[in-house]
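Those protein sequence lines, which keep their order, are chains A and B.
So in our numbering, the last one in the first sequence is 566, and the numbering has no gaps at all.
So in our numbering, the last one in the second sequence is 808, and the numbering has no gaps at all.
Among these hints, one or two may not hold up.
[Stated by the list, open to error] Below, a list of computed lysine-lysine pairs in the DSS-like style, where the Cα atoms sit at most 25 Å apart:
| hint | chain 1 | residue 1 | chain 2 | residue 2 |
| --- | --- | --- | --- | --- |
| 1 | B | Lys-262 | B | Lys-283 |
| 2 | B | Lys-193 | B | Lys-262 |
| 3 | B | Lys-172 | B | Lys-130 |
| 4 | A | Lys-354 | B | Lys-139 |
| 5 | B | Lys-81 | B | Lys-338 |
| 6 | B | Lys-433 | B | Lys-454 |
| 7 | A | Lys-244 | B | Lys-81 |
| 8 | A | Lys-244 | B | Lys-716 |
| 9 | B | Lys-139 | B | Lys-172 |
| 10 | A | Lys-477 | A | Lys-508 |
| 11 | B | Lys-316 | B | Lys-348 |
| 12 | A | Lys-477 | B | Lys-139 |
[What the hints assert, rightly or not] Some residues of chain B that are not near chain A, with every Cβ distance over 12 Å (derived):
| hint | residue |
| --- | --- |
| 13 | Asn-358 |
| 14 | Lys-375 |
| 15 | Glu-657 |
Please keep in mind that the hints were generated in silico from the structure rather than gathered at the bench.
Positions of the beta carbon are idealized from the N, C-alpha and C atoms, including for glycine.
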Amino acid sequence: MASEPAAVFICEASRENKPGQVSGRSCRHQSESESDLGPTAKSLARLCSRDAEERAAALDELGQAVLACLGLDRPAVARLGKQTLLHLLRLSRSCPLQDVRERAADLLRTAQERGVEIPRALALGPSAFIPAKEMLKEGPDQDVLLEAFLSLGRVDHITMVMAMHPSYLSCFLRTQHALLELDGPLPRPWRHYIAVMAAARHQCSYLVQQHSAGFLEVGGEESWLGGLEFVPTKLRSLQTLNKLLAHRPWLITQQHIQELVCPGAESRWSLAELIHAVVLMAHAHSLSSFVWGCGLNPEPDHIGGYTFYPPSPSNLPRSPHSPAHEDGRQELADGGMEVEVLMKRMVELQQQQEEECSQEEMLTRFERERSESIPTAVVRGAPPDVVLRLVEDPEFIYEDFAPRGEQAPPTMRAQDYSWEDHGFSLVNRLLPDQVGQLLDEKFQVVSNLTYHRMAMHEGVDTHTLRKALWNYIHCLYGIRYDDYDYGGVNVLLERSLKVFVKTMACHPEQTTARIYHAFWRHFRHSEKVHANLIVMEARLQAALLYTLRAITHYMR
Amino acid sequence: MEKMSRVTTALGSSAFSGRTMFCHLDAPANAISVCRDATQVVVAGRNIFKIYTLEEEQFVEKLNLRVGRKPSLNFSCADVMWHQMEENLLATAATNGAVVTWNLGKPSRNKQDQLFTEHKRTVNKVCFHPTEVYMLLSGSQDGFMKCFDLRKKESVSTFSGQSESVRDVQFSMKDYFTFAASFENGNVQLWDIRRPDRYERMFTAHTGPVFCCDWHPDDRGWLATGGRDKMVKVWDMTTNRAKEIHCVQTIASVARVKWRPERKWHLATCSMMVDHNIYVWDIRRPFIPFATFEEHKDVTTGIVWRHQHDPYFLLSGSKDSTLYQHMFKDASRPVDKANPEGLCFGLFGDLAFAAKESLISSDANRKPYPGGDRRYPIFFFKKPDPTEQFAHVSSALSVFETDLDSNRMDWFVKTARLYLLSGKPFAELCDHNAKVARELNRPQVSTTWTMLRIMFSDPANLTTPGPNHNISKLGTLPLMNSFSMKEMGSGMGSESRLERSKGESRQDNIHLEPGNSHISNNNDENEETEGSEGQAEYMFGDAELDDDDLYSMEHDNQTEEQEYILPQEAFQLRHEIMDNPSAPEHLQQDKADSPHVSGNEAEVMCLTPIESFSLISISQPLFSPHLPASFFCPVVREMLSYYAEQGDVQMAVSVLIVLGDRIRKEIDDLTQEHWYMSYIDLLQRFELWNVSNEVIKLSTCSAITCLNQASTTLHINCSNCKRPMSNKGWICDRCHQCASVCAVCHHVVKGLFVWCQGCSHGGHLEHMMNWLKSSSHCPAGCGHLCEYT
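Extracted from the complex, chain A is given alone in its bound form (with noise of 0.2 Å):
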């Protein structure tokens, strides 16, 4: 044993277990570091420690820094890097952990105190829909935020907002990680730029800068999102599929996965690589529903979240970029009552016994949910030229549906390609790891997560209005099941909510808070997001059956 030659290993015990972003990180600082002198980007990842005391330490470092930088005898504007202001804003405006949270907020005052001017974030909370003091009363689950921020390093809009449903997040993130972090046959700033690509479909700012933020953290090439012309061919080529997955993903055929798995040896895209970009893709397509669905504002450090400028009184700033608070919440009255209606229909439906309908009657009803104009034309401001400049062909976008028989696109019949037996299958086939299971799981839980309550009344078995709105959602992307009565669909969903669905579905960029408000007006806002949820996963799973379908139709 005393003389075995012992290998010796050499690692690097990196201050996170991500080296993708340690690097990322360094790098991002190296850029900094020209004009900022402010704390190391180290002393900020300390800051996600999982012991007390090194936070402490961390931050006790973090404000020297800060103090060292602020004592320096140069010009108020440069002491203190825009970047290092913006990290301690938000800082001080979404850790979950309270010693960071004050001492981030101290800092930025004492910096205030010494002449720098420091930014302001513009948004209230998390979400423009939702008051921030909903979402602390009702997501008291501490812990996810806690795992979030310490694995992340930030606790994002999205993240707070879902923390309303711990379950879910808890899923959401594993799965996140799992197509952005973890092995697989795409290169990991590709993974980035495809969500970017994605959400700039729906001119989802948000995404879009969040994205590219992590696009550049991983060490993508910043030319990159000055535009499509500046990717490879082999990204470039995916433009269509996105084009059709965002929008109509009805659309896609086994040619379209031809054309991508088969031209010259340089763009070629293997079935695994394009089964991972479709996944990210719908993906990201379903999370910018929910990020426009859900109001998000932007994050502090995001264009358009934060402000130089001091608050004025009468006219706040307000970016074009943030959903428009619109004060949608109108009178409450008999609104007790709709609830009830409500609740009783469920129960009629469950108990109904199913009377035989003739085919032509089912058909009729699931046709008239595809087709029933929804008034979705709320035409917002140009979207932001960041998101502009990724996007070919904007004016391509989901369609309404013929009139009933006028060249209605096929249905898909639930029945003969589902998740559970097709899918599931070919996701777990071609990408490694969990990440069909994830995404398996992911249905699951949001399928079967109920508090059994509605609005005021608790013990509500809610099953039948979760199935209505999933379905209609697949109804809206033309898939239908056999096995369910599309009048239920009708009974179930108020015109108010379908509009909300039909929007945040079709057209997320054209969510309002006008249309968040009128639905579900006695409803919790945990609920709303619920409902959120339930589209989101809805849509995702529609986009991915259809291409999922036609890649099973070429491989055959």
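Fit chain B to the supplied structure of chain A, relying on the hints for placement.
Chain B alone, transformed into the frame defined by chain A:
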């Protein structure tokens, strides 16, 4: 158990005759079922519901049950079953949740008999009781199983699966009252038909949905289940706990499983996705299908044995809208196609070879190896019924070890270590590498490097070292060298070889056969060896080959050069030696010349670009400065392919890296990627991690460079509490201790941490380096003799 009166037809199994045949359906089928006397088959699907009679030569459509102007969704069938007692009775499960029975005896066109709409969602399965005429069971997506008495209008009992979707229900062949149900969450439940309140037994059979189950027809209490996890499992239900007794791993999720009649160990499966074949497995040999039916062009959705006592006819329906009758005698037997020989190289030239015992023993010409034949084959026989059993299986595994002295991969390791691939000017890199090759007695490689430098360097730089010098040196070197190599080769080939062969054969040797294909990972390396049928002598064939390349290449290179420097010598040299390698050749007779042939071919290839000659003659003046480097690209490209083809992928990759942009455009990306992958694979086998990483880093293929971005997580355990560390590298969440303390300075290490694999103590890289310079003991005082390499 004699309650079970199986209907045994008087007809023996040979009473049917027929052939493999098929007919087109109008629409994809979802399920099929046969009637008791095996003369008719019903096909059901979303848009089809027909009965066909099975005639000798063809299927004949007998009845279309899908009637009406616009058939309702009740006709959209997920499953169908023909009653095994009552030949006019059929049941279907509809996608809209209806359970429908059909009475063929009805005089009207519409044969629909009963309609049960009790299920809320798609019914996945219907199953008649094997002996009771009126008992029908259904399993649905809504999580309920219902038992119907066909004399009543509604179900007699409902069994709840706790809102888990039911995928399959099957009455037991053994117990009158028992049925099995399989669920979407991976569970299988056993129920007593008389007790709807609670299942008798439940166990988790698969991860993910269990799509199908089937009781063994021979009263054995065996249940086969198939799941999305691509497994078929056979459970023994007679014991207290369901015990998994066999497991077959397939390549895709298992949609249906059916025991083969009259064959205790056989079952047929088909898949739900991707894979269109039907497999018949012998569960005792789960690694290779016993028989395969490959006729379908889309997934097979229904399989059924034509008659419950006839194992030779299998019917199947598919999404490709065809109905097939497969004859067992026409099935393909993968085991026949599987390569019965397996061959694999150890890193240092050891060779493992598994082959059919018969093949080896019948090889009379084989020389006994010095040291005696020490193979100990163990035979694995089965009853010799050629069509119904796996073909006679017995194989022997031999391991041939090479003698350490002739450990021929030394050069590879050394070369890999010593080559410089970047960091210096091009010319210096070439010179350095040429020197390395020369020192390792690889003159041809050395020359190639020199040539490359000459071709691609600026003419100005070139004049300094004096090409003459190099060339003349090379002119002599290979000569001596090749002689010695040859001698060595022939000498050892005949006697001085230390050859041991171990024979060893366990039952699992058999697995080697199908696995054969991926054994030869580095195709480049193995190409020649496969040609030589795995005899150990091939090694020397390879050695000759080296001589061969040597000259073929040298010829190429030197002609260009020596046109004007050493005119005749070069050609003489070549011819002189070209003749010689035939000397050891006859040792191996015909086998050995396969590498030769390839060598010659390659040589011809290298010589073909005649333009080079012409151009050289044009550029008579020494090193015409006008000659663009790109002019040489085709030659170099051929040279690289040649090396790669000869198995020296190292050379190909090294040159590729050193030349960089000068040549990259000339070679298509896939080839490059292939070379890189082969070389990296080799390097990693030799544990040359640093070199392989350097190669990955220097490569320009995106597919390669991303290799070292994958699997970058390093999991470590806390040195105090031995639990995994979750987040930060240096502090443990659980025991709140700093885990990675430097053994020298006792401070926490953040950054590069180095530790001894023997005693797991370590610390700052510099500290450890300094410490171990002066002391050989571990700085932690544990007494371990650490070594810093």
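Against the structure, the hints come out as follows:
| no. | hint | verdict |
| --- | --- | --- |
| 1 | Lys-262(B) <-> Lys-283(B) | holds, 18 Å |
| 2 | Lys-193(B) <-> Lys-262(B) | holds, 17 Å |
| 3 | Lys-172(B) <-> Lys-130(B) | holds, 17 Å |
| 4 | Lys-354(A) <-> Lys-139(B) | holds, 19 Å |
| 5 | Lys-81(B) <-> Lys-338(B) | holds, 21 Å |
| 6 | Lys-433(B) <-> Lys-454(B) | holds, 12 Å |
| 7 | Lys-244(A) <-> Lys-81(B) | violated, 54 Å |
| 8 | Lys-244(A) <-> Lys-716(B) | holds, 22 Å |
| 9 | Lys-139(B) <-> Lys-172(B) | holds, 17 Å |
| 10 | Lys-477(A) <-> Lys-508(A) | holds, 14 Å |
| 11 | Lys-316(B) <-> Lys-348(B) | holds, 21 Å |
| 12 | Lys-477(A) <-> Lys-139(B) | holds, 12 Å |
| 13 | Asn-358 | holds, 25 Å |
| 14 | Lys-375 | holds, 33 Å |
| 15 | Glu-657 | holds, 20 Å |
Going down the numbered hints, you'll see the structure goes against just number 7.
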